[in-house]
Structures are given as structure tokens and as C-alpha cells.
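Student: Chains as they are written, first to last, in the numbering used here: chain A, 1 to 310; chain B, 1001 to 1364.
Among the clues, some could well be false.
Computed from the model, here is a short list of chain A residues facing chain B with C-beta under 8 Å [as the list claims (entries may be wrong)]:
#, residue
1, A136
2, L140
3, L143
4, A147
5, N192
6, D196
7, P198
8, A204
9, M207
10, K214
11, E218
12, M223
13, L234
14, T237
By construction, these hints were calculated from the structure, which means they are not laboratory data. All values derive from a computational prediction rather than experimental measurement. The C-beta atom is built at its ideal place from N, Cα and C for all residues, glycine as well.
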Amino acid sequence: MTHLSIAQKALGAEVAVRSAPYFPRKKKAITGRSIAVIVFLSICALFFCVPLYVVITTSFKTMEQIREGAMFALPNVWTLEAWDHAWNSACSGTRCEGLKVGFWNSVYILIPSLILSIGLSIITGYALALWNVKWAGPFLFVLFICAFVPFQIIMFPLISMTAAMKVYGSIWGVAIIHAILAMPVLTLIFRNYYKDIPQEIMSAAVMDSGSFWKIFFEIILPMSGNILIVVLILQITSIWNDYLIGVTFGGLGGQPMTVNLANLITISTGTVRYNDNMAAALLTAIPPLVIYFFVGKLFVQGITAGAIKG
Amino acid sequence: MPRVSFEHITKTYGTLTVLDDLNLAIDDGDFLVLLGPSGCGKTTLLNLLAGLLDVTDGRIMIGDRDVTDLDPKDRGLAMVFQSYALYPTKTVHGNLKFGLSASKLPREEIEKRIAWAAKLLQIEPLLNRKPGQLSGGQRQRVAIGRALVKNVGVFLFDEPLSNLDAKLRTEMRLEIKKLHDQLKSTVVYVTHDQIEAMTMATKIAVMNGGVIQQFGTPDEIYERPSNLFVAGFIGSPAMNLRKAKLSVAAGKIEAVFTSGVRLDVSDYPFAHPPLDGAEVIAGLRPEHFTLAATGPVAATFDVPVQYAERTGPDASAYFRFEDDLLALRVEPDAAARLNPGQSMAVSYIKGKANLFDARTGQRM
């Protein structure tokens, strides 16, 4: 009996709750402003998507179909012929070895450039932020100014410097120039990141060990994961996409993929092989895309990491 | 377990002088607390001893060694920081181990010391955790452990308990005191908390404005504050400080307050013979008042109750006297019976008054 009454009470309570006044939210009507925004965004999206669609479909077409002129048509026959040709045997100047030469050159440039530029700037940033460096303020100011000097202005002095160092016209020349040009910005990035490390941690480390390198490798470097990912992505994309440094300092043997691509597309005789060109362009763009897909999430975390201390 | 001394220490930042010709020496095994309000130079002094700051002038000795120009790691010190300053990417074990990284000890010795410190501080189950996975109290223990493993003679603490909650603070206070008794090391401890200072120290240096106001045992500091700053800073509620004039008559010396109340200070140990009519400031501790006049009494005040507050085991009552409040420590039961506005006779116990020269602020 009591059970029943409890159940009844519960029921009553539920009914009471149900009948309590509640305030339905009004559905928001689509306003003229949001329509305008949607239209604008759609146009923006099309602006990027249509050319991309054309590039991708063309790269899978045969030359016969391209000559018909229907740019937006899907390939009649899906073929990887153009991709194979672009990679293996497309002609750049007098050499007909395809893009793979440039690809491997780019890889060989990328790795030492990354190691040099990040290695130099992370140590400089660490020293400037966490150790008492004489003239650190003026030095930072000079770095800041250097970050805004256009590359073209110092190109000729750099050419003669690399020539004197006997690295001009080689992969190493390109790598060293990349490292030097990235130094100011990367040093500022690392320095600002390390400024947020609590002073007491440094004090404790100085009392515990006192060794510049030991503190760096055991304490500071393990705390730098976020910022390293940011810098890594910045550097990989900028080095990979660079054209000017590659064409200036690479000579004939050290040309990166971008230079290779440009040479491959600008031919003066015969018909333009659109499908090869599209495939070659896509091949060149793939590596940075892959980097973005795999570490893009970490990139965003890294960018916001410094914003809130945690 | 060496003695530590500061000799003629001066520290300036540009044109700003933080410490000027400061001298202080503590003995082997002493627990020195540097006590003072924010910005009094106590942390600067500690950082100078640690070597994290350079002295502008003067000499710091640890034992027989002049450490003034040594690197922090070579001074034979260990320090515990306010924010614990644990290395976030290292485990507790890694944190303790890094504390020994300058010492070049063999691996077995390192492991032995870590095990010893972990056992002493009861952090053995935590050795494989990262600092982020520890509570505040546990982090504090690890920070102390990192100092302990170094097996040095001098430990420095920079307000180590101020980030803990009240209960934990009391526990850790006892524990640090226990460790000091056990290890017999010399400790320099910076705090602005007078309860920490009173309970833990064997010696207290009260600092203000970069100057050591008084250096002595906790009892000396509390019972015989050497000037008005120390008198006002130590004690809660603070000592009641009131202007008075001395009246020296045959065999009887009294301090007369502006309202005419006379405080008998015949038995006061004057450093110099008192002059009749001298302007003084009388310091009366809240706990030396009684509501029931039993025993010898120096003065009786007839004053109205303003309000009373209870702080658990204790209670304070505030009476209006000469346009200001007079703080008294009273029994909680008695406090409950006080009616605001009601006038009462309260007595001050004989022989407990402090007198300061009104001009110099120094103890008489």
C-alpha cells in the first residue's frame, strides 16, 4: 500500500513537473544578413574548389580528351599515364627524368635546412629568454628588424658569401640560406615561448645542475613539444614551397621540386601537355598537404598553447 | 652543518637600493626565519645567498668558504621554492635525480639517496608520477625531497607553504620542523607569516625596508620587540600602541595616557634612567589584559565595549579608548557575555608593558 502511494506520489510529482510552465525557444528565422554571409562563403569556396576540380580531373585525362576542350567533363578513361610521365620522364630543360629529381632534391634540402634552422634558433631563443645574456635587448631588436628585411635586398651579398664558402650551386647552399633567413622569426618565436616558463623552474634547474646544455636537453626541450610542431610545420611548408632561394642558390644540381616544376611547365616547343602539368603541380603540392593532414590538429593546439598558461 | 654569514651586503638595482650594508650571522643548525612584509628585501637576501642574484657589495660566507662569487650549484645549498618549481616533464623520481645532476655521484649512491628521501617524506608510491598528477601537498613534499637528496648543510625555503590550504600548512609546518630536528641542518626560511616564524624558528630576523629591525629568538622578538615596527608587526591582534607621558616621582614611575589613565611601569627595565615628562608610546599586548582584576595590576581602564569576535579557541574583544580601539584577548565564554556599549573595568597585568621612545621609535 505504501509502495503504491509512493508511486502515486511520484507520478503526481511528475505530472506537476510536466505541467509547470516552460518557455519554448523561438526558432530563429533566417535573416537577410545570414543569407548574404552564406552566399559570400559559397562563392569563396567555389573560387578555390572549381580550379582544384579542373586540375584534378585534367590530371587523369588523356591528351585526346583534353583537346576536345570540355574543361569540366569527367575523364572518359581514368588513367595514371600523366602522373607517371610527370614523375618519371617529363623534360625539364634538356634532362628528361621527370619530377622525381626535384622531389629528392627538395627532400635533401628540407632535412638539413630544418635541422640547421630549428637547431640554431631554439638554442638562441632559449639563451635569450632564460639566461642572462649581455645586450639581449638590443640583440632582440636587431633580430626583429632582420625579420622584416626582404630577401631580394640581401640576395647578391649572400650569393658571394655562399660562393666564398664553396657551397653556392649545391643543395647545401640552399639549406644554409634557408636556415639563415628563418633565424630571426624562429628565434623570436622560441624566445617568446620560453619567456612563459616560470622563472622558479629555471632557478631550481640552475641550482640543481647549472649546465646550459643539460638544462636545455633535460628540462627545456621536453617542454617545447607544442612550439616545435608549430615551427616544424611553418618551416616544412615554407621550405618546400620556396622557389626564389632554390632557383638562385641551387645551381643546376640542387634545384628543388618547385624549380623543377616551373621548368617542366614552361616549354617552348610542341603542344602543352596539360595533363602532365596538372599532375606535376599536384605532385609538388602533396607533401605540405600531407603534413597539414597529419599534424594540423597539433598545430592548432601549439598555436594556442602559449595563450593560456596551464 | 656550517654557519652562514652576510657581511656588509649591499644590493642595488640601478639607482634603487634594496639592501644597504646588511650584516647577519647564524650558527650551525639554526633555523633562521626572515620575516617581513612584502617588498622588505627578504627574498632578495635569500636569492643572494642562493646565488640567483649577484651582490653589489659585501661578502657571503658559508662555513669557512667565501661563496660570494660561486655559481649556485657550487655553494652547497638546496632550495625549496614557493611554486615548488618541479620539472613538469619529469617524474618524481626524475625530479629528485636531476637535483643530483651536478654532483657526479655513482648511480647506486643516487638511487640510495632518492630511496632515503622518498621514505623520509613518504612519497615512495608517487615516484613514477608526473608533477601534474600530484596534489599541492604532495608537490611540496617532492620539492622538499629534491632539496633533501643533495645532502647539503644549508637549506633555503622561499615561502614554501603559502600555496597550501590552512590545514595542510599546519601539517607541513610541523613536518619541516621535524625534518630540521632530525637532520640538524642549517635552514634559512623566508615568510611573511608570523605564525610560521614563531613556531619554526630558532632565530628570527624581522626585516622592513631592506633593514633588519630585530634579530633574536622568537621569545625575544615577541616579548621584547626592539622598536615600534617589530611591536606592531608581530602578534595578532596587534599590540596596542598608545601615546603617553612619563611621570617620574619618588619610587614610582607611571605612563600617563592623554585621557589621564595611569599605567604603573615602576618595574620596567629601563635601558637609561627615565626622564619626567618624556613622550613615550606604551605597547600593551592584548593577552595581558584581564577582565577580572586578580593579582598585581598596572592600570585599570574603564572603557565601553565596541564588539567581540571569536576565532575558535580564542576570542578578541575591542574596547573604545581615546578615539581608538583597544584589542583584548578574552575567554570565549566571557566574550559571549559582553554587551556592546556597556562600560567595563579592564586591567593590565603588572610588569608586561612595553615602552618605546616616541621620537625614535626604539625600545626604552
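Student: Evaluate each hint against the coordinates.
Tutor: For each hint, the structure was consulted:
{"no.": "1", "hint": "A136", "verdict": "violated (16 Å)"}
{"no.": "2", "hint": "L140", "verdict": "violated (20 Å)"}
{"no.": "3", "hint": "L143", "verdict": "violated (25 Å)"}
{"no.": "4", "hint": "A147", "verdict": "violated (30 Å)"}
{"no.": "5", "hint": "N192", "verdict": "violated (19 Å)"}
{"no.": "6", "hint": "D196", "verdict": "violated (12 Å)"}
{"no.": "7", "hint": "P198", "verdict": "holds (6 Å)"}
{"no.": "8", "hint": "A204", "verdict": "holds (4 Å)"}
{"no.": "9", "hint": "M207", "verdict": "holds (5 Å)"}
{"no.": "10", "hint": "K214", "verdict": "holds (6 Å)"}
{"no.": "11", "hint": "E218", "verdict": "holds (6 Å)"}
{"no.": "12", "hint": "M223", "verdict": "holds (6 Å)"}
{"no.": "13", "hint": "L234", "verdict": "violated (23 Å)"}
{"no.": "14", "hint": "T237", "verdict": "violated (28 Å)"}
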